[in-house]
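For reference, the chains in residue letters:
Number of protein chains: 2
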Amino acid sequence: MFENKDSSHTSIENLGEFGLIDHLTKNFKIKQKSTVKGIGDDAAVIACDPKEELVITTDLLVEGVHFDLSYVPLKHLGYKAVIVNLSDVYAMNAEPTQITVSVAVSNRFPVEALEELYAGIQAAAQLYNVDVVGGDTTSSTTGLLISITALGTVKKGAAVYRSGAKENDLLVVTGDLGAAYMGLQVLEREKEVFKVNPNSQPDLEPYSYLVERQLKPEARKDITNLLKELEVRPTAMIDISDGLSSEIIHICKNSEVGCNLYEDKIPLDPQVIATCEEFNLDSTTIALSGGEDYELLFTISTEDFPKIKGNPHLTVIGHITDEKEGVHLISRAGTKIPLIARGWNALKNEE
Amino acid sequence: MFENKDSSHTSIENLGEFGLIDHLTKNFKIKQKSTVKGIGDDAAVIACDPKEELVITTDLLVEGVHFDLSYVPLKHLGYKAVIVNLSDVYAMNAEPTQITVSVAVSNRFPVEALEELYAGIQAAAQLYNVDVVGGDTTSSTTGLLISITALGTVKKGAAVYRSGAKENDLLVVTGDLGAAYMGLQVLEREKEVFKVNPNSQPDLEPYSYLVERQLKPEARKDITNLLKELEVRPTAMIDISDGLSSEIIHICKNSEVGCNLYEDKIPLDPQVIATCEEFNLDSTTIALSGGEDYELLFTISTEDFPKIKGNPHLTVIGHITDEKEGVHLISRAGTKIPLIARGWNALKNEE
Ligand SMILES: [Mg+2]
Ligand SMILES: [Mg+2]
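Protein sequences appear in the order of chains A and B. Position one of the first sequence corresponds to residue 1 (full-length UniProt numbering), numbered consecutively onward. Position one of the second sequence corresponds to residue 1 (full-length UniProt numbering), numbered consecutively onward.
In case anyone wonders, no lab produced these hints; they're calculated from the structure. The reader is advised that the hints may include incorrect statements.
It does not matter which identical chain is used: a pair holds within one copy or between any two.
Taking lysine to aspartate or glutamate pairs in the DMTMM-like style, the calculated list, with each CA pair at most 20 angstroms apart, reads [said to hold, decoys possible]:
id : residue 1 : residue 2
1  : Lys26     : Asp203
2  : Lys37     : Glu256
3  : Lys307    : Glu256
4  : Lys221    : Glu277
5  : Lys155    : Glu229
6  : Lys253    : Asp22
7  : Lys228    : Asp304
8  : Lys156    : Asp49
9  : Lys309    : Glu278
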């Protein structure tokens, strides 16, 4: 049963379900003092701090829908699967503390492939200081699927919802937008080139920032602290997973307000601008609909503007209006264009 | 885009990801006072009670591995997917409070199929008094996959682990064993009969208990309270998902003890005994390895025996020994047979 002709390809069947989880998580360390019991029982046990509230969020990544293993290394995939969940925790103004990780995988993946995946999960858990406290590993009849649930804590009453934006508030975004989507375009082009000529040596150097944003995104763990230091409490907040446009619409719908977004204020990296030109794509459209940027979008009271003014991480891109005024993009030419949720929709990507 | 020739088969594409979640969960009500914010933001927010600890557990169910839609109605599947998680919460001596539900589904399922699935999820959530506070709905390239995470609360320090069993403790099981597995055998036989003769009318009446245990299992929500009333605190506890044999081994391994299990004490329903005879299967083997019973297995100090004696829900099936004595089944004939974990292994069920 434990025979292996090729020692670098161990079948997952050889380890069994229990052996597999133990094997994959044996190097994972518990660091959060709130983790009373991690992996290894029917459930994990977490201590409660009476001064805090808990947040919980979950995300599912499916092969062939959310990722393509022909250009996403498994280690990066594991890392990204953690990041997309932590980003939602930060978007509540909370600090992530624990995650559970469930993986369904077909027999075409050897144990070594799962080790790579879990190495990425561990790397993210370490950098973001979260404990992996549970999970499930099972077989699938086809591809790979990762389901992660993240827990976090926030000072009681300090959670920031999508629903708190008020008329005249300023709309602020962290970092820059559109790079992850353009990274995907570059990788997909290389995949097509490779199909035609398997000896081609892609030069990804001019696209390094884009490719990194796509393959190894980070969540904005710095922003919660930055805002605390600046003594700014956002009135509403969301993270940008589906594209700026659909996230603005979420805030407006939940807060029952309108919004004017200024095209010339949208922060773009020079690589995004150059690559959009090369691909003959409109960079504003990409920033609005690209998604997977994992930046934070929030609203602040105008009184707080002096506190954030000039901060290199934060850009004011619009302001909140009365609901009746609707949600609009004000173009560079001054035209008012209704904003629609064209964000990437997982359910429409399927044939 | 919203055209529908057959109004009873709405394509999930027509609703989009956000519309779909809203649609499926619109009747879900929040009942737990600890749920500060449910579905509808980046994360749910849960209040912490300083007198309590939190438990968290997660389970993944994959079509073709854990269930076969040719005989499992979607409503039952949704119900069962919740139950398997709640069972783990009860196994910690905790009360379930919230769940998140993620579903990956291919286009071959119309919206009506997902409505059925969510109706089952809602039915279980209602009966067990848990709030559905989050989740994710996405497409899959093939089958159906359900990932549920459950939260629960337990009085601080009152969680019962697998690791607390002591020499001389009694091994106790709730309910009876093997019925869910025999229900599966009956359903699989009917499926084969149906393939040969699609007009056959199966008479499932003699197997009603077995089929119900397979298709609509319940978690033992009564036991935590019963034990509290009896003033019995288990020294170790686990739920029976993979079969009595492997769960006993988990307790023994984690508690560093041995165990003698008595064959003649294992509680079996008359339908299990009769159907095992009909299928020419050994009922002890089925109870040991069948799995999916979702009963609770726990150990108690011998001092507590008078408190549970004669209780119709509880059966003493063995006692804990020194680790050196190993883990054994004492057969009806008095023979000592080493117990091995032959519990159902999801990773080996794949071809
Ligand atoms: Mg369990
Ligand atoms: Mg989000």
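**Asked** Are there hints from earlier that the structure breaks, and if so, what are their numbers?
**Response** 1, 3, 4 and 9
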